[in-house]
Amino acid sequence: MSTTDDDLRVPPALRGVGGWFDDRFHGARGMRVLMRKVFPDHWSFMLGEIALWSFVILLLTGTWLALFFVPSMNPTVYHGSYAKLDGLTMSEAYASTLRISFDIRGGLLIRQIHHWAADLFMVAIMAHMLRVFFTGAYRKPREVNWLIGIALFMLGMLEGLFGYSLPDDQLSGAGLRIFEGVLQGIPIVGTYTAFFLFGGPFPGTSIVPRMYIIHVLLFPGLILALVTAHLFIMFHQKHTQMPALGNTEKNVVGQPFWPYFLLKGQAWFFFIFGGLVVLATFAQINPIWLYGPYSPLNISSASQPDWYMGILEGSLRIMPAWEIDFLGHTLTLSVFIPFAVPLGIIFGGAALWPFFEQWATGDRTEHNVNDRPRNAPVRTGVGVAAVCFYGVLWAEGANDVLADKFQIPLYTITWIARIAVFVVPIGAYFVTKRICLGLQRKDTELLTHGVEIGIIRQLPSGEFIEEARPLEDDERAIVASKKLPPALPLPGQTDDNGVPAPGSRGVAGWARSVANRAFAETVVLPEGHADGHNGHGGITAHEPAPAGIGHGPTTTPEESAAEPPHEEE
Amino acid sequence: MSETEEPRRRVIGTPSSEPAALDRVVSERGQEIDAVAVLPSDPENLGHAKRIERIVALCFILAFFAGVGFIAAYVGIEVGPSAPAHTDLVDEAFRSNLALGLSLAVALLAIGTGSMLWVRHLTPNIEVVEHRHALRSDPEDRAKFEEFFTKGAQVSQVTKRPLLRRTMLLATAPLALAPLVLLRDLGPLPEDSLRVTAWRKGLRAVVFGTNRPLTPADISIPGSMITVIPEGYAGDDDALAKSGVILIKFAPGQLQVPTVYNGKTQLYGMNWTVDNIVAYSKICTHVGCPVALYEQTTHHILCPCHQSTFDAAHGAKVIFGPAARPLPQLPMGTDADGYLVALSDFTQPVGPSFWERG
Amino acid sequence: MSSIIARRRHPAAGYAAVAGGLVVAGVLYSVLSGGGASAAAPANASTSIAEGKSLFIQSCSTCHGLDAQGTSQAPSLVGAGAAAVDFQMSTGRMPAKEIGAENPRKPTDFTKTQIYDIAGWIASLGGGPAIPSASQVSTAGANTALGYELFNTNCAQCHGFAGAGGALTYGKYAPALSAANATQIYEAMLTGPEAMPVFGDGTITPAEKRDIIAYVINTRTEPNPGGLSLGRTGPVTEGLVAWLGGLGFLVLIAMWLTAKRRDRRIESEQE
Chain X
1 MSTTDDDLRV PPALRGVGGW FDDRFHGARG MRVLMRKVFP DHWSFMLGEI
51 ALWSFVILLL TGTWLALFFV PSMNPTVYHG SYAKLDGLTM SEAYASTLRI
101 SFDIRGGLLI RQIHHWAADL FMVAIMAHML RVFFTGAYRK PREVNWLIGI
151 ALFMLGMLEG LFGYSLPDDQ LSGAGLRIFE GVLQGIPIVG TYTAFFLFGG
201 PFPGTSIVPR MYIIHVLLFP GLILALVTAH LFIMFHQKHT QMPALGNTEK
251 NVVGQPFWPY FLLKGQAWFF FIFGGLVVLA TFAQINPIWL YGPYSPLNIS
301 SASQPDWYMG ILEGSLRIMP AWEIDFLGHT LTLSVFIPFA VPLGIIFGGA
351 ALWPFFEQWA TGDRTEHNVN DRPRNAPVRT GVGVAAVCFY GVLWAEGAND
401 VLADKFQIPL YTITWIARIA VFVVPIGAYF VTKRICLGLQ RKDTELLTHG
451 VEIGIIRQLP SGEFIEEARP LEDDERAIVA SKKLPPALPL PGQTDDNGVP
501 APGSRGVAGW ARSVANRAFA ETVVLPEGHA DGHNGHGGIT AHEPAPAGIG
551 HGPTTTPEES AAEPPHEEE
Chain L
1001 MSETEEPRRR VIGTPSSEPA ALDRVVSERG QEIDAVAVLP SDPENLGHAK
1051 RIERIVALCF ILAFFAGVGF IAAYVGIEVG PSAPAHTDLV DEAFRSNLAL
1101 GLSLAVALLA IGTGSMLWVR HLTPNIEVVE HRHALRSDPE DRAKFEEFFT
1151 KGAQVSQVTK RPLLRRTMLL ATAPLALAPL VLLRDLGPLP EDSLRVTAWR
1201 KGLRAVVFGT NRPLTPADIS IPGSMITVIP EGYAGDDDAL AKSGVILIKF
1251 APGQLQVPTV YNGKTQLYGM NWTVDNIVAY SKICTHVGCP VALYEQTTHH
1301 ILCPCHQSTF DAAHGAKVIF GPAARPLPQL PMGTDADGYL VALSDFTQPV
1351 GPSFWERG
Chain S
2001 MSSIIARRRH PAAGYAAVAG GLVVAGVLYS VLSGGGASAA APANASTSIA
2051 EGKSLFIQSC STCHGLDAQG TSQAPSLVGA GAAAVDFQMS TGRMPAKEIG
2101 AENPRKPTDF TKTQIYDIAG WIASLGGGPA IPSASQVSTA GANTALGYEL
2151 FNTNCAQCHG FAGAGGALTY GKYAPALSAA NATQIYEAML TGPEAMPVFG
2201 DGTITPAEKR DIIAYVINTR TEPNPGGLSL GRTGPVTEGL VAWLGGLGFL
2251 VLIAMWLTAK RRDRRIESEQ E
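Residue numbers (the working numbering), protein chains in the order written: chain X, 1 to 569; chain L, 1001 to 1358; chain S, 2001 to 2271.
Hints were generated in silico from the structure; no laboratory data involved. Check before you lean on any hint, since a few could be wrong.
[As the list claims (entries may be wrong)] Derived coverage of chain S by chain X (criterion: at least 3 residues anywhere in the stretch with Cβ under 8 angstroms from a Cβ of chain X; other residues may be distant):
{"hint": "1", "region": "2017 to 2029"}
{"hint": "2", "region": "2148 to 2154"}
{"hint": "3", "region": "2160 to 2172"}
{"hint": "4", "region": "2227 to 2233"}
[Claimed, not checked] Partial selection, computed: residues in chain X whose CB lies under 7 angstroms from chain S:
{"hint": "5", "residue": "Phe406"}
{"hint": "6", "residue": "Pro460"}
{"hint": "7", "residue": "Gly462"}
{"hint": "8", "residue": "Glu463"}
{"hint": "9", "residue": "Glu466"}
Here a beta-carbon is modelled for each residue, glycine too, at the ideal position from N, C-alpha and C.
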């Protein structure tokens, strides 16, 4: 190192300000603790930040838009710059949106940044959620943060729905009509809910002002509060880390927030903002002047909501007709099932998953090191199945666009989707699980035989073999990072006194053991690299063992370095 | 390992099997030193850093000019009423968007690139290990909290005086309900609103958009379709959302609306058509989109929202899709002047189903 | 030539060979496929009905019958009118190359005079809507706001809010409105080709038709102020761009931002 250490005192002006605050807030130690917190470095850890910065950009652009938007459904005759619609009667909300787009400098740009940021916000939430799920980062102690995240997802969906419905254009108005029709179909309280929300029959004149205040005040406040809690919890519990050499459950390896993650966060913010501005400049979004103002008697082909509502749209399209007479009342299952079931499965399943996994595996230990997805085949399989379920419904939501662009008959797409929505997730679960186990087997090969290095040698007998080198320490740490899931006692298995274990009795106990056996299916790591199991590379169900807790890798660097390049026989 | 191959990685607080000492480096004097404080201040390769610094500076200078360009574009390109006369205002909006967006994007991406290069190349490449303290509190802390909490509850008397507790809950119960009660006036009760539309006996059907009344001769070509509304309701979206109707003209012999009764109430019939012109509600019975795609070759009415399909030649019965009920038929006749009029309102609720529909 | 051979092992040689092959194939295709050029011959004031009949027998009667009375393959054209003939033939939909769900627009092999002759003969059989004159389809002074309202109520559900087209049932589709000229749009409304409903002059008057045509032409020539139009099909393509463009770009940046650093060391800088 050729530098001398600089004087480690701050300039007097800064010390003055800092001192002023410290006099009042006792901040010195607390700030230091916060600012020196270590954050691990992995690209997939930055997905949540995309959502964070997109939200900040939404707040900034949204505030600017709110200075010009008029949230009123009162009719007005248009005489603005968009001459094609001159003389048309439209709502003030729509007219003010036209004005923002064509008569205010930067208006169209800010509108488009706002809408792209909303789409990207939801994209990032979903990508982040999938990352957290597939790495098992929702496990103890982070279950509450996971639930907060799901709440943010739901709030984000509604926030976006209300936001793009504010301009009262033909496309979003059709979406509101569908929303009202769905509400109306809810048993018992449906018509009241619809009339109370819309202030009377559809469309009324109340919905835009009401959505407006929910969209600019209520939901952003809730989202802001939950995001703050989400970040505080993450700061307090420290971020998880990927398996690597030197990463243990009791440490976090990375770089401190001050200055590294502050600088990275700054770079990331500007890239996200810049990316959004690129989209807003070159990719037109929500061209409300082409849709025209809303009329309840008009509709366009290819009417879809924004992408994150696509699953609901697809559910409505995929459902066959089904309405039953229930004690003299009409229960319209054509509408109610699509409304409640798919999102109920996705959100309910996601919310319950951490607790289900704990129940099924009996694993209540703290986890700060992420799993490689292959090392948790059931979790990864269920996650892929959920993604397929979501994806089939999402694609069905665009079925008329698919039919038109790919020249497939319309009803055929719906029939394919009706079958695929059941078959594809189930098939995906099994295929994914097998792929995970196959990758685990490959890891075992790597541990025992090393990495093939691309040099082919011919043996005197004429055979060709590929040379391999043993894994480096850091590679080995990653490959051998699998934790064996603890085994639960089988139903009927009793201890020395003949008492069966609690939680293993009855139907619940049987269900638990079935789940446990699925979770416990794994490829055993080779001898010396796990907790002492015999067997070499085969798939075994984990035998019920008294100790029951899997260990991490116990190999030492000397052991692996001593292995020569392995020759295949 | 040659020095040019592997990245030099200084690890402060090297992980050993000793978890307790990870984020503390104990100096000779036995004092705790913050791991961050013993970081090197500069990156390893200062020549490289200097080169990168110049590139970062260039990025920031580019951002400066782009930012100035943004302001210039804002000032220089007028849109809307302030734009020079005879400009195509849509084109002007395009130019303004492009100029503002491009300059802003360049500025932001340049700052981002500069910041990225800065943090990646101008800072020392280090890794810090921080110890994770157990999240679970010590048993003594837990016990103390429990004692403190229980003692406080006892001091407050709440645990010892059930009358107090119960009346307190009683007092707060109606106040908790008050916010819900306050929501009652959000809207009127539905009552009959979903069962009636604006159509009445003798009300003329006029073309939506032009308000022209129609005679059967106006829709004389088989395969014709037009959207009509009750006369006089042109600006009333609440009425239109229920009252929109599509008229379809058939060739002789093709229209076969079955006669359907619900108890004593007629729902469908050929006697409600005029000269092979039939009137169906335009509000889809699924969730209320205007159902408007009429294919004259198949006589199918397709709703574009969720693909509910109705057979217009046979009473709009459902042949595909999630709608569970056919489109209601509006009884049509002609008045003294020969214009198409409704004979009455719809005899069943139009639009999406609801619980009370029965 | 030898300089090409000498560079045959150049890293870019493979790409150059593929690119050259593509260029050759493209040139050959465009030379051999032959465009369907229809000479823009002015329509004669007196169309030849006899000529039209003989053209019809030559090109159309196999499906439509010798007297245009229709067969199992194609409907009767008696009463269809000259406008329908002009629409179907000038857009190249007729003569249909194959019986499918729908006849797509394609270049036509007939001249305008020939189409008018056939149209005249069909009109002589049973009347029907006439070909509109130039003034009938002129959009001068049209009210695009009313055109917008009528288009959105009667046309957008099939053709899309901006005329980008849309799917119908059983493989049919409403085509995009990018290629039709004013006459063809007028004729389509008037005659209701294939699955399209009829919008006679009684329901949508000629003036209102002109308003709709003005709206359609205005919309399709209008620039997209927000950037690329992404197909003018709405949120489906927007969502694709958000995932692939937005997230894809950012994931690549994230990988760059968090990649392992390689501080390069130059020999002379070693201490």
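Here's how the hints hold up against the structure:
For a cut-off of 8 angstroms, the count of residues in the region 2017 to 2029 of chain S with a CB near a CB of chain X stands at 0, and the three-residue condition is violated. With a threshold of 8 angstroms between beta carbons, the proposed coverage of the region 2148 to 2154 of chain S by chain X holds, since 4 of its residues qualify and at least three are required. A stretch counts as covered by a chain when three or more of its residues have a beta carbon under 8 angstroms from one of that chain; for the region 2160 to 2172 of chain S and chain X the count is 11, and the coverage holds. With a threshold of 8 angstroms between beta carbons, the proposed coverage of the region 2227 to 2233 of chain S by chain X holds, since 6 of its residues qualify and at least three are required.
Residue-level restraint check for X:Phe406 is violated (minimum Cβ-Cβ distance to chain S is 10 angstroms; threshold 7 angstroms). Against a cut-off of 7 angstroms between C-beta atoms, the interface hint on X:Pro460 is violated, since the closest Cβ of chain S lies about 35 angstroms away. Because the beta carbon of X:Gly462 sits about 32 angstroms from the nearest beta carbon in chain S, more than 7 angstroms, this interface hint is broken. Violation of the interface hint for X:Glu463 is found here, the shortest Cβ-Cβ separation to chain S being roughly 32 angstroms, above the 7 angstroms cut-off.
The closest approach between the C-beta of X:Glu466 and any C-beta of chain S is roughly 27 angstroms, which is over the 7 angstroms cut-off, so the hint fails.
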